[in-house]
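Mind the numbering: the sequence shown is residues 1 to 947 in the UniProt record's numbering, read in order.
One or more of the hints may lead you astray.
In silico DMTMM-like pairs for lysine to aspartate or glutamate, Cα to Cα no more than 25 Å straight-line [claimed, not checked]: (1) K209 with D109; (2) K209 with D323; (3) K415 with D323; (4) K650 with E860; (5) K459 with D435; (6) K332 with D350; (7) K556 with D712; (8) K501 with D712; (9) K132 with D331; (10) K437 with D505; (11) K793 with E705; (12) K501 with E450; (13) K209 with D331; (14) K132 with E888.
FRET-style restraints, in silico, Cβ to Cβ [to be verified]: (15) S482 with N230: 19 to 27 Å; (16) S776 with N797: 24 to 32 Å; (17) E705 with N525: 33 to 41 Å; (18) N504 with S482: 26 to 34 Å; (19) N778 with N230: 49 to 57 Å; (20) L628 with N230: 40 to 48 Å; (21) A307 with D55: 50 to 58 Å; (22) N72 with S146: 30 to 38 Å.
Quick caveat, the hints were computed from the structure, so don't treat them as lab data.
By construction, the Cβ of each residue, glycine as well, lies at the ideal position given by its N, Cα and C atoms.
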Amino acid sequence: MRSLLFAALAGLAVAQSNSTISSTSVVSSTSRVSSTLSSSATVSSANSAITVALDGSGQYTAINAAVSAAQNSGIPTVTVLSGTYMEAVTVVGTATVTIVGATATAATDWSQNQVVISNPAVALTIGSNSAKGVTLRNLNFINSASTGPSVNAVVLSLRGNNIAFYGCSVVSPGATAISASYGLAFFANSRIEGSDKLFYNVPSMYVYKSTIVPLSSGASIVYSKGATVNNVFYNSTVVFDSGSIEQKPGSSNAGVFLAAPNGAGATVIYRNVAMGSLVSAAGIHPSAATVSSFYGEFATTGAGSYAKNAATRPTYDTLLTADQVSQYTVDKVFANAFYPYGSPSTSWVDSSVLLSVANSDTAQLAFASSSAIVASPTSSIAPSSTSNSTVSAGVSTSASSTASCAPSATLIVSKNPGACDYSNVTAAIAALPNDSKAYTIQIGAGVYNEQISITRKGKVTLIGATNNTRDYTQNQVTIQTSNGVLTSAGQDEITPVINAKKTNDNSGMALYNINFANVYPQTKNTAALAADFYGANLAAYGCSFTGFQDTLLANKGTQVFSNCYIEGSVDFIWGYSTAFFHQCMIVTNTPGSCIAAQARSTATTTGGYVFDRSVITYSSTYGSSFGLSYLGRPYSENSIAVYTNCFIDKHISAAGWSVWSTSAPQTSNVMFGEYANTGPGSWQASTQRASFATNLTASQAAQYELAAWIGDTTWLDQTAYNYVPSYSLTGPSTSASPSTNTTASAGSSTTSTINTHPDSGSVPPVGAIVVSVDGSHNATFTNVTAALTSLPKDATNQTIFLYPGSYNEQVPSINRPGAVRIIGYTTGNPGQSYKDNTVTITFSRGLSVSPLPAGHSDAETATVQTASSRISFYNIAMINTDNLDGAEASYVTLAASIYGNDIAFYGCSFDGWQDTLLTGATTGYQYYESCYIGGEYISFFPSLHVS
Numbered sequence: 001m002r003s004l005l006f007a008a009l010a011g012l013a014v015a016q017s018n019s020t021i022s023s024t025s026v027v028s029s030t031s032r033v034s035s036t037l038s039s040s041a042t043v044s045s046a047n048s049a050i051t052v053a054l055d056g057s058g059q060y061t062a063i064n065a066a067v068s069a070a071q072n073s074g075i076p077t078v079t080v081l082s083g084t085y086m087e088a089v090t091v092v093g094t095a096t097v098t099i100v101g102a103t104a105t106a107a108t109d110w111s112q113n114q115v116v117i118s119n120p121a122v123a124l125t126i127g128s129n130s131a132k133g134v135t136l137r138n139l140n141f142i143n144s145a146s147t148g149p150s151v152n153a154v155v156l157s158l159r160g161n162n163i164a165f166y167g168c169s170v171v172s173p174g175a176t177a178i179s180a181s182y183g184l185a186f187f188a189n190s191r192i193e194g195s196d197k198l199f200y201n202v203p204s205m206y207v208y209k210s211t212i213v214p215l216s217s218g219a220s221i222v223y224s225k226g227a228t229v230n231n232v233f234y235n236s237t238v239v240f241d242s243g244s245i246e247q248k249p250g251s252s253n254a255g256v257f258l259a260a261p262n263g264a265g266a267t268v269i270y271r272n273v274a275m276g277s278l279v280s281a282a283g284i285h286p287s288a289a290t291v292s293s294f295y296g297e298f299a300t301t302g303a304g305s306y307a308k309n310a311a312t313r314p315t316y317d318t319l320l321t322a323d324q325v326s327q328y329t330v331d332k333v334f335a336n337a338f339y340p341y342g343s344p345s346t347s348w349v350d351s352s353v354l355l356s357v358a359n360s361d362t363a364q365l366a367f368a369s370s371s372a373i374v375a376s377p378t379s380s381i382a383p384s385s386t387s388n389s390t391v392s393a394g395v396s397t398s399a400s401s402t403a404s405c406a407p408s409a410t411l412i413v414s415k416n417p418g419a420c421d422y423s424n425v426t427a428a429i430a431a432l433p434n435d436s437k438a439y440t441i442q443i444g445a446g447v448y449n450e451q452i453s454i455t456r457k458g459k460v461t462l463i464g465a466t467n468n469t470r471d472y473t474q475n476q477v478t479i480q481t482s483n484g485v486l487t488s489a490g491q492d493e494i495t496p497v498i499n500a501k502k503t504n505d506n507s508g509m510a511l512y513n514i515n516f517a518n519v520y521p522q523t524k525n526t527a528a529l530a531a532d533f534y535g536a537n538l539a540a541y542g543c544s545f546t547g548f549q550d551t552l553l554a555n556k557g558t559q560v561f562s563n564c565y566i567e568g569s570v571d572f573i574w575g576y577s578t579a580f581f582h583q584c585m586i587v588t589n590t591p592g593s594c595i596a597a598q599a600r601s602t603a604t605t606t607g608g609y610v611f612d613r614s615v616i617t618y619s620s621t622y623g624s625s626f627g628l629s630y631l632g633r634p635y636s637e638n639s640i641a642v643y644t645n646c647f648i649d650k651h652i653s654a655a656g657w658s659v660w661s662t663s664a665p666q667t668s669n670v671m672f673g674e675y676a677n678t679g680p681g682s683w684q685a686s687t688q689r690a691s692f693a694t695n696l697t698a699s700q701a702a703q704y705e706l707a708a709w710i711g712d713t714t715w716l717d718q719t720a721y722n723y724v725p726s727y728s729l730t731g732p733s734t735s736a737s738p739s740t741n742t743t744a745s746a747g748s749s750t751t752s753t754i755n756t757h758p759d760s761g762s763v764p765p766v767g768a769i770v771v772s773v774d775g776s777h778n779a780t781f782t783n784v785t786a787a788l789t790s791l792p793k794d795a796t797n798q799t800i801f802l803y804p805g806s807y808n809e810q811v812p813s814i815n816r817p818g819a820v821r822i823i824g825y826t827t828g829n830p831g832q833s834y835k836d837n838t839v840t841i842t843f844s845r846g847l848s849v850s851p852l853p854a855g856h857s858d859a860e861t862a863t864v865q866t867a868s869s870r871i872s873f874y875n876i877a878m879i880n881t882d883n884l885d886g887a888e889a890s891y892v893t894l895a896a897s898i899y900g901n902d903i904a905f906y907g908c909s910f911d912g913w914q915d916t917l918l919t920g921a922t923t924g925y926q927y928y929e930s931c932y933i934g935g936e937y938i939s940f941f942p943s944l945h946v947s
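Produce the entire structure from the sequences given, and follow the hints as far as they go.
What follows is the structure, given as structure tokens:
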């Protein structure tokens with residue numbers, strides 16, 4: 001079953017969508033099909049077309065039956081006479097077919113169409129990989145479901161080759177009007193309307209002279225991603241050419257984004273498009289800043305265009321040059337589509353329309369040349385439309401394709417490099433000018449076999465492709481080498497994957513979502529570094545560093561690591577610097593190893609390592625020899641290593657710390673400190689810790705907080721630093737049963753009496769934390785994650801109020817002693833109905849469960865998670881957008897994972913595919929009132945009350 005409506009929704013009548021389709025959509029079935037159809041659609045004989053008419057005057061009264069008959073009989077055209085056809089049309093098979101609707105005018109004008117295909121589910125499905133050659137003319141498609149703007153209401157579900165729409169309209173009352181899987185699609189002279197994410201999934205699409213009508217504030221027109229097919233990563237590309245983005249008459253929505261990445265590999269181009277004032281001044285959704293994607297504009301016009309908002313357009317919205325936009329012609333876009341559909345052939349596109357596209361594009365380039373339109377000096381280089389390729393192990397520091405390209409502020413590294421892209425990171429770094437300016441290198445998904453070195457003046461930022469910017473768990477970029485040397489050779493520093501030596505200035509370096517792996521095998525007394533960091537203000541966010549001995553050399557200067565993964569064996573975090581490790585996974589892969597080996601030359605020398613709120617654990621390859629590893633040992637007499645607020649697992653010895661060696665213990669002046677740690681390896685009352693370890697007091701521990709330890713923090717990316725990771729920070733024993741990791745305050749009652757039903761859905765309650773996507777309404781935060789993170793860890797009641805918009809994030813598990821109330825903006829009575837919800841929390845994450853990978857659970861895919869008690873939600877749509885078309889079997893995509901007691905939802909909706917709603921605790925009480933839940937499978941465990 002695709003949708004499940006609870007009892008309160010039973011008997012809900014199917015209503016006609018409130019669309020802008022002309023009232024002439026329903027006329028007499030005797031109306032004639034316009035004689036202005038192209039020759040390919042003209043009926044010339046009795047055997048060249050099958051006719052469909054509701055009144056029985058044709059061969060068929062249903063479109064599906066007619067299409068099937070046409071394909072089976074080799075008849076190329078199905079002509080549909082006027083009327084409203086209440087069926088879900090499905091086209092499958094290998095035979096080409098053209099479906100033509102009656103129209104009242106000779107011009108290609110969707111508003112004059114006389115055929116409506118309306119269904120409360122998906123109006124049109126082109127549903128198999130073998131489908132080829134489907135052309136649709138003069139048809140209006142409507143999803144007629146009575147649903148709110150935050151709920152997915154797909155109108156067209158497209159999969160297959162050579163799908164073309166001419167003079168059609170697509171109207172959805174909700175989100176994801178067009179869900180496009182692998183294949184090719186072309187739209188011309190059409191209209192697409194929907195609340196949010198009008199183009200979704202992995203489209204390869206060209207949209208010409210068409211009108212785009214987003215209905216919700218904060219909506220994203222395109223929400224797309226690339227994908228790997230047969231070990232090759234392909235971009236998903238959508239081009240809008242010579243169309244418009246308009247506001248529906250009577251609407252007042254604003255802050256609409258041209259696009260947002262649903263994952264790496266999203267490419268969206270707007271050329272010669274008129275953009276209304278509803279378009280956000282930023283153009284592209286801010287999530288594109290840390291996701292490997294590409295967005296460009298060329299000769300756009302109107303209040304929402306690049307030209308009118310150049311000062312506020314971000315660097316990841318590129319003002320394209322004529323050469324760059326010329327990479328996105330119809331044939332080039334289709335040539336580089338997903339396997340096996342990619343082909344430069346456009347013979348299936350109406351020749352007169354192709355000629356119009358060519359003439360228009362020529363005129364655009366001529367106008368640009370005469371107007372001296374140039375690319376912004378801060379814009380990034382456009383990705384190429386050259387063919388996709390497999391991963392190459394070779395590294396070249398130069399390429400003819402980049403020889404004539406001056407680097408912009410953002411350089412692109414891709415496994416599919418174009419004229420001004422780079423095929424490896426080494427080449428991009430080599431191209432950076434020696435001008436002390438800041439530069440960013442965005443790295444596309446793939447494995448890069450190379451060693452990189454960064455020594456230039458000026459800040460360098462490397463950003464890897466990922467589906468989750470909050471931590472390392474979904475990184476799609478790995479830079480690796482296999483290089484080890486005997487420690488006795490004194491050449492450790494020739495082995496690292498990344499060597500950053502910034503001794504010449506304090507400009508710093510930032511790394512985002514990149515895996516650095518030295519894959520040299522475990523060898524006794526052999527160093528194999530993943531990283532060597534030397535310099536001030538170096539930070540890594542959501543990165544991983546893996547190896548065996550001496551994995552991470554925090555050498556000299558100041559470094560911060562947040563939400564990172566660091567794995568190794570002997571002394572795998574070592575050096576002389578001042579380093580702070582925040583919310584990291586510190587993973588020992590060999591029994592008997594020490595984690596930290598820090599050195600200071602004197603007692604007054606700056607330096608030392610602090611591990612804060614991190615998980616100290618062991619790898620799956622560690623074995624069962626627990627209690628034999630150590631938190632650290634002194635690399636000098638003045639070594640400092642401190643663990644605060646960490647979970648310390650059972651692999652750590654009861655002594656906690658080791659001497660350097662029996663002959664040279666080096667423990668006389670060390671500071672090996674511990675404070676407020678938990679877990680079986682932590683310092684407990686019965687623990688016999690090493691005599692040279694210090695059990696810190698609160699005042700002593702305060703010296704090792706971030707600002708106190710490293711000093712100036714203004715150079716940090718505070719947003720990335722404060723992300724709440726997707727993994728538990730309290731250790732595996734508690735993460736397995738989140739509902740047990742909370743305590744209610746004395747005398748607490750249910751949500752209904754402690755955190756009462758709100759009086760208004762449009763005015764924030766007194767004391768509420770206000771959140772708004774664009775920062776308006778004097779909002780404290782622009783995302784839900786930040787608001788939840790700010791809540792005190794106490795028994796007080798807290799309220800978060802969300803203004804309208806789409807919040808694209810995976811919300812961290814809500815887990816605190818006190819009650820939490822989250823209210824989505826609504827003009828109606830709070831919690832009364834989900835249909836008019838204006839707040840969406842959406843994320844794309846799935847997990848194959850055939851079989852379920854070891855160490856993973858369904859819950860990690862959830863858009864929203866709870867883990868404590870007394871939590872209530874009002875008027876919020878929760879969506880997991882991965883695999884919404886169900887294309888991948890045995891693949892869970894949770895909208896919500898609900899653990900805990902006294903959890904209530906009022907007027908909310910949940911949408912996903914498999915296991916949409918996981919009510920995971922075996923005990924506890926949950927309440928759902930006036931809610932919608934859509935999906936293939938829904939998992940229930942505890943006591944539920946549905947109203």
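Hint check results:
With a C-alpha separation of about 11 Å, the suggested pair K209 and D109 falls inside the 25 Å cut-off, and the hint holds. Straight-line distance between C-alpha atoms of K209 and D323 comes to about 22 Å, which keeps the hinted pair within the 25 Å bound. At most 25 Å may separate the alpha-carbon atoms for a hinted pair to count; K415 and D323 meet this at roughly 21 Å. With a C-alpha separation of about 24 Å, the suggested pairing of K650 with E860 holds against the 25 Å cut-off.
A hinted pair counts as satisfied when its Cα atoms are at most 25 Å apart, and K459 with D435 qualifies at roughly 11 Å. Only pairs whose Cα atoms come within 25 Å are accepted, and K332 paired with D350 is accepted, the gap being roughly 17 Å. With a C-alpha separation of about 17 Å, the suggested pair K556 and D712 falls inside the 25 Å cut-off, and the hint holds. Between K501 and D712 the alpha-carbon distance is near 20 Å, which keeps this suggested pair within the 25 Å criterion.
Proximity of K132 to D331 is assessed by CA-CA distance (about 17 Å); at most 25 Å being required, the pair is judged to hold. Distance restraint check for K437 and D505: the Cα-Cα separation of roughly 12 Å lies within the 25 Å cut-off, and the hinted pair is therefore satisfied. Taking the CA atoms of K793 and E705, the gap is near 18 Å; set against the 25 Å cutoff, the hint holds. Distance restraint check for K501 and E450: the Cα-Cα separation of roughly 17 Å lies within the 25 Å cut-off, and the hinted pair is therefore satisfied.
Of the pairs offered as hints, the one joining K209 and D331 holds, with about 17 Å between alpha carbons and a cut-off of 25 Å not exceeded. A hinted pair counts as satisfied when its Cα atoms are at most 25 Å apart, and K132 with E888 qualifies at roughly 21 Å. For the hinted restraint 19 to 27 Å between S482 and N230, the CB-CB distance of approximately 26 Å keeps it satisfied. Look at S776 against N797: about 26 Å separates their beta carbons, and that is inside 24 to 32 Å.
At about 37 Å, the beta-carbon gap between E705 and N525 stays in the expected band of 33 to 41 Å. Distance hint for N504 and S482: a CB-CB separation of about 30 Å, consistent with the stated range 26 to 34 Å. Between N778 and N230 the beta carbons are some 51 Å apart, a value that agrees with the proposed interval 49 to 57 Å. A C-beta distance of roughly 44 Å is found between L628 and N230, which places it inside the suggested range of 40 to 48 Å.
Between A307 and D55 the CB atoms are about 52 Å apart, so this pair conforms to the stated range of 50 to 58 Å. In this structure the hint that N72 and S146 lie 30 to 38 Å apart at CB holds, the actual value being about 36 Å.
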